[in-house]
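Chain R: place on chain U using the hints.
Number of protein chains: 2
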Amino acid sequence: MKDSINVGLLGFGTVGTGVMQVLAENAHEIKQKVGLPIRVKSVLVRDINKKRSFNGTFTVTDKIEDILNDEEIDIVIELMGGIHPSREYMLQAIAAGKHVVTANKDVVAEFGKDMFAAAEESNVDFMFEASVGGGIPIITPLKQCLTANRITEVIGIVNGTTNYMLTKMTQEGLDYDTVLAEAQAKGYAESDPTADVGGLDAARKAAILSSIAFNTRVGLNDVYVEGITRITPADIEYAKELGYVVKLLAIAKDSPEKGVDVRVHPAFLPQNHPLAAVNDVFNAIFVKGNAIGEAMFYGRGAGALPTASAVLADVIAVARDIVDESFSRVRCTCYEHKSFCPVEATESSYYVRLLVEDEPGVLGAIATAFGAEGVSLNSVIQTRKVNKRAEIVAITHCVEEKKIRKAAEVLRGLPVVNEIRNMIRVENPQEAC
Amino acid sequence: MKDSINVGLLGFGTVGTGVMQVLAENAHEIKQKVGLPIRVKSVLVRDINKKRSFNGTFTVTDKIEDILNDEEIDIVIELMGGIHPSREYMLQAIAAGKHVVTANKDVVAEFGKDMFAAAEESNVDFMFEASVGGGIPIITPLKQCLTANRITEVIGIVNGTTNYMLTKMTQEGLDYDTVLAEAQAKGYAESDPTADVGGLDAARKAAILSSIAFNTRVGLNDVYVEGITRITPADIEYAKELGYVVKLLAIAKDSPEKGVDVRVHPAFLPQNHPLAAVNDVFNAIFVKGNAIGEAMFYGRGAGALPTASAVLADVIAVARDIVDESFSRVRCTCYEHKSFCPVEATESSYYVRLLVEDEPGVLGAIATAFGAEGVSLNSVIQTRKVNKRAEIVAITHCVEEKKIRKAAEVLRGLPVVNEIRNMIRVENPQEAC
Numbered sequence: 191m192k193d194s195i196n197v198g199l200l201g202f203g204t205v206g207t208g209v210m211q212v213l214a215e216n217a218h219e220i221k222q223k224v225g226l227p228i229r230v231k232s233v234l235v236r237d238i239n240k241k242r243s244f245n246g247t248f249t250v251t252d253k254i255e256d257i258l259n260d261e262e263i264d265i266v267i268e269l270m271g272g273i274h275p276s277r278e279y280m281l282q283a284i285a286a287g288k289h290v291v292t293a294n295k296d297v298v299a300e301f302g303k304d305m306f307a308a309a310e311e312s313n314v315d316f317m318f319e320a321s322v323g324g325g326i327p328i329i330t331p332l333k334q335c336l337t338a339n340r341i342t343e344v345i346g347i348v349n350g351t352t353n354y355m356l357t358k359m360t361q362e363g364l365d366y367d368t369v370l371a372e373a374q375a376k377g378y379a380e381s382d383p384t385a386d387v388g389g390l391d392a393a394r395k396a397a398i399l400s401s402i403a404f405n406t407r408v409g410l411n412d413v414y415v416e417g418i419t420r421i422t423p424a425d426i427e428y429a430k431e432l433g434y435v436v437k438l439l440a441i442a443k444d445s446p447e448k449g450v451d452v453r454v455h456p457a458f459l460p461q462n463h464p465l466a467a468v469n470d471v472f473n474a475i476f477v478k479g480n481a482i483g484e485a486m487f488y489g490r491g492a493g494a495l496p497t498a499s500a501v502l503a504d505v506i507a508v509a510r511d512i513v514d515e516s517f518s519r520v521r522c523t524c525y526e527h528k529s530f531c532p533v534e535a536t537e538s539s540y541y542v543r544l545l546v547e548d549e550p551g552v553l554g555a556i557a558t559a560f561g562a563e564g565v566s567l568n569s570v571i572q573t574r575k576v577n578k579r580a581e582i583v584a585i586t587h588c589v590e591e592k593k594i595r596k597a598a599e600v601l602r603g604l605p606v607v608n609e610i611r612n613m614i615r616v617e618n619p620q621e622a623c
Numbered sequence: 191m192k193d194s195i196n197v198g199l200l201g202f203g204t205v206g207t208g209v210m211q212v213l214a215e216n217a218h219e220i221k222q223k224v225g226l227p228i229r230v231k232s233v234l235v236r237d238i239n240k241k242r243s244f245n246g247t248f249t250v251t252d253k254i255e256d257i258l259n260d261e262e263i264d265i266v267i268e269l270m271g272g273i274h275p276s277r278e279y280m281l282q283a284i285a286a287g288k289h290v291v292t293a294n295k296d297v298v299a300e301f302g303k304d305m306f307a308a309a310e311e312s313n314v315d316f317m318f319e320a321s322v323g324g325g326i327p328i329i330t331p332l333k334q335c336l337t338a339n340r341i342t343e344v345i346g347i348v349n350g351t352t353n354y355m356l357t358k359m360t361q362e363g364l365d366y367d368t369v370l371a372e373a374q375a376k377g378y379a380e381s382d383p384t385a386d387v388g389g390l391d392a393a394r395k396a397a398i399l400s401s402i403a404f405n406t407r408v409g410l411n412d413v414y415v416e417g418i419t420r421i422t423p424a425d426i427e428y429a430k431e432l433g434y435v436v437k438l439l440a441i442a443k444d445s446p447e448k449g450v451d452v453r454v455h456p457a458f459l460p461q462n463h464p465l466a467a468v469n470d471v472f473n474a475i476f477v478k479g480n481a482i483g484e485a486m487f488y489g490r491g492a493g494a495l496p497t498a499s500a501v502l503a504d505v506i507a508v509a510r511d512i513v514d515e516s517f518s519r520v521r522c523t524c525y526e527h528k529s530f531c532p533v534e535a536t537e538s539s540y541y542v543r544l545l546v547e548d549e550p551g552v553l554g555a556i557a558t559a560f561g562a563e564g565v566s567l568n569s570v571i572q573t574r575k576v577n578k579r580a581e582i583v584a585i586t587h588c589v590e591e592k593k594i595r596k597a598a599e600v601l602r603g604l605p606v607v608n609e610i611r612n613m614i615r616v617e618n619p620q621e622a623c
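As given, the protein sequences belong to chains U and R, one line each in that order. Just so it is clear: in the first sequence, position 49 is 239 by this note's numbering, and no numbers are missing. Just so it is clear: in the second sequence, position 289 is 479 by this note's numbering, and no numbers are missing.
Chain U extracted, bound-state conformation:
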């Protein structure tokens, strides 16, 4: 009879320390829930001589073999991040018959299929609740709680850095560079912020969420990505005036007619949408299913303790199965092979901001040009003057991507149009595309 569930931890950074802290602080509760204590037996680190803020009875090692070959270790928690050597270590752990729990969105988004196959072959679990939405329970809800639904839509605010930046821009009228510097100073953005502000981090999460939601494999390359670098205070201001907020959204839709459409881009979202109130570093995932209607999952998308909460939920689930000697078959739910909707065929409403000559008839000329390309306008507003020119803001009805692109090209060629200053999609459930 075992007297504890033993864990090998790969990586001892912020989240690793958080995992240790939660295991120590909530040891009593966790033992009650599992039936046995959960003990971190060994930790893999790069430098075994580095001083750590957390001390305990565990061994520190720089050799992965010490963990792989330790037969007492039941579960490996991978918190190193990145693809190499995390992926190889996890595959080795699986091959050694150890359950794997990870927070690694890169590996899950890009190599999820292989990881599942390997886990299935070795009859072990491969779990990744912490890979999306930090502490927010979303993977288990999608895999277990919404199983009776055909899910048609997932819309998420899944990147805390950009949500913090956009919130600051909205609430304080600051510009992009200022809020980026502030986010970096607070440790919310990295010194190279590309993965966050460019949308890649959110795209990985979108791939994971949509794969599970639609039961089909969505890879990182299947996700269309635009970042927030082109959002200006003027766009934010117009959004406000028109009843919207600007958010970086991960949007995944599935319909029999169009196929699977997964994108990450900034979008105008109506102020009364439940996601519109998700501010600062908070994340939320909004799900539509044909039974549940709408549901939303909200919480802290990052941070040592929230992420540890998600990691340890997986660890506790695995530990319970070990104690019960029960094993639920590993379920890669991607049993469908759905086709994707090419980005040109996706549909959306659009906000278009133009700099035009300030002369009579311009508004009409622009509306006519849009119309000629099959783009129907919801509203056109002539707004503030910029030197001798004026800005015009148009909100279109639902339009196919290839039509709006063609319209933009035509508009750029009009003598009265000086510049298309920005085009941002509008995500409006009242006028669903």
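Calculated directly from the structure, the hints in this document are not laboratory data. Since we're looking at a predicted model, the values are computed, not measured. A hint or two may mislead.
Any copy, or any two copies together, can satisfy a pair, since identical chains are not distinguished.
[Said to hold, decoys possible] Straight-line distance between alpha carbons at most 27 Å, and here's what the computed DSS-like set of lysine-lysine pairs gives:
hint	residue 1	residue 2
1	Lys-223	Lys-303
2	Lys-478	Lys-221
3	Lys-223	Lys-478
4	Lys-223	Lys-333
5	Lys-303	Lys-221
6	Lys-303	Lys-478
7	Lys-358	Lys-376
8	Lys-192	Lys-333
9	Lys-223	Lys-192
10	Lys-528	Lys-221
11	Lys-223	Lys-528
12	Lys-596	Lys-448
13	Lys-231	Lys-221
14	Lys-333	Lys-231
15	Lys-333	Lys-478
16	Lys-358	Lys-430
17	Lys-221	Lys-333
18	Lys-223	Lys-448
19	Lys-241	Lys-376
20	Lys-478	Lys-376
Frame of chain U, contents of chain R only:
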């Protein structure tokens, strides 16, 4: 080898029909997820001659024995509601070795302990995701996803009827009787609305949620309950002016010092609280844990299809275990025996609305009276005149219930105080008690 998972359905009302509909519509997905189709084999109804809107290959019976004695039936879904004979039927099904899935908050809140014990003895599952929050996944998240946390607080909007009514009162300035009539006309409120407007329905859900969250048995009688019947348009108006909305909240708190404190009552909630934007018949449950920080679960709290979504999530979980021949030990998580905080010792801020004589020095007299009873005021506002009198609105700092009650008694005795028109708790996380 089985060729389907067979269900016996008790009750064929709105939710029962919803379950049938979702099983039919999503049969392909559900079969993929389970490995076998889920088939409703028999339905228990009161009148077998009644015309049904849903037809299928199932048998309709008015004898519970037909289901209990049918060895092919693996899972019994109970959707009759109420205590009798639902509870007896479920116990009989459990004794017959059948897994039980229910949406019955009455039985779970009042007899959960016995149901768990019976299920444990028979080695079957007893599941009740649909008993709280309709379609919203909350039981599984609490039992599985937040297991690494010590949960300190659960605040829920868990009654759709009253949330609809308060939303209408807030958005349209209508009075209680008008919105109640409207809710009844729309089918949101029953002809006898007592259980909803009096808070009893929410109290049952509060008992269920807090039992799981705090790992201790909270019965219906342990919940302090006030309904919304005394909320007036004036209170709603003052709330708005002061930056709050009025919601009927189920509040559960657990602290080592005070013990477990579970209440249902209307409360002022700051407009920027995530729960403040939960309107109409939507429900949401806000959870605080020592690892996750804050999380919120939002969705439709009632309705045939959302409730069917929750019921079938449980059914699918049980069905997967049957297919995998894996069985996770039934877990009554109430392994603690925590003490309760008596209501007199609970703490809250308060909104107090008084009708007073409109004469100099009244405001001072009242503030002095509060102070003498140890009630510290955050703000006192002399507001509109009512005939020759005036209304005064005070917001207190955190105060023990027994002190505010004593203060109210003293105030009622003051010659300048004509009437205490209302007292409503203020739930402000910025000034947590």
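Going down the list of hints, with the structure as the test:
no.	hint	result
1	Lys-223 <-> Lys-303	between (31 Å within a copy, 17 Å between copies)
2	Lys-478 <-> Lys-221	between (36 Å within a copy, 21 Å between copies)
3	Lys-223 <-> Lys-478	between (32 Å within a copy, 19 Å between copies)
4	Lys-223 <-> Lys-333	both (21 Å within a copy, 9 Å between copies)
5	Lys-303 <-> Lys-221	between (33 Å within a copy, 21 Å between copies)
6	Lys-303 <-> Lys-478	within (25 Å within a copy, 34 Å between copies)
7	Lys-358 <-> Lys-376	within (13 Å within a copy, 41 Å between copies)
8	Lys-192 <-> Lys-333	between (30 Å within a copy, 24 Å between copies)
9	Lys-223 <-> Lys-192	within (16 Å within a copy, 33 Å between copies)
10	Lys-528 <-> Lys-221	between (43 Å within a copy, 17 Å between copies)
11	Lys-223 <-> Lys-528	between (39 Å within a copy, 16 Å between copies)
12	Lys-596 <-> Lys-448	within (20 Å within a copy, 66 Å between copies)
13	Lys-231 <-> Lys-221	within (16 Å within a copy, 41 Å between copies)
14	Lys-333 <-> Lys-231	between (30 Å within a copy, 26 Å between copies)
15	Lys-333 <-> Lys-478	both (14 Å within a copy, 23 Å between copies)
16	Lys-358 <-> Lys-430	both (14 Å within a copy, 25 Å between copies)
17	Lys-221 <-> Lys-333	both (25 Å within a copy, 14 Å between copies)
18	Lys-223 <-> Lys-448	between (45 Å within a copy, 24 Å between copies)
19	Lys-241 <-> Lys-376	within (24 Å within a copy, 65 Å between copies)
20	Lys-478 <-> Lys-376	between (34 Å within a copy, 24 Å between copies)
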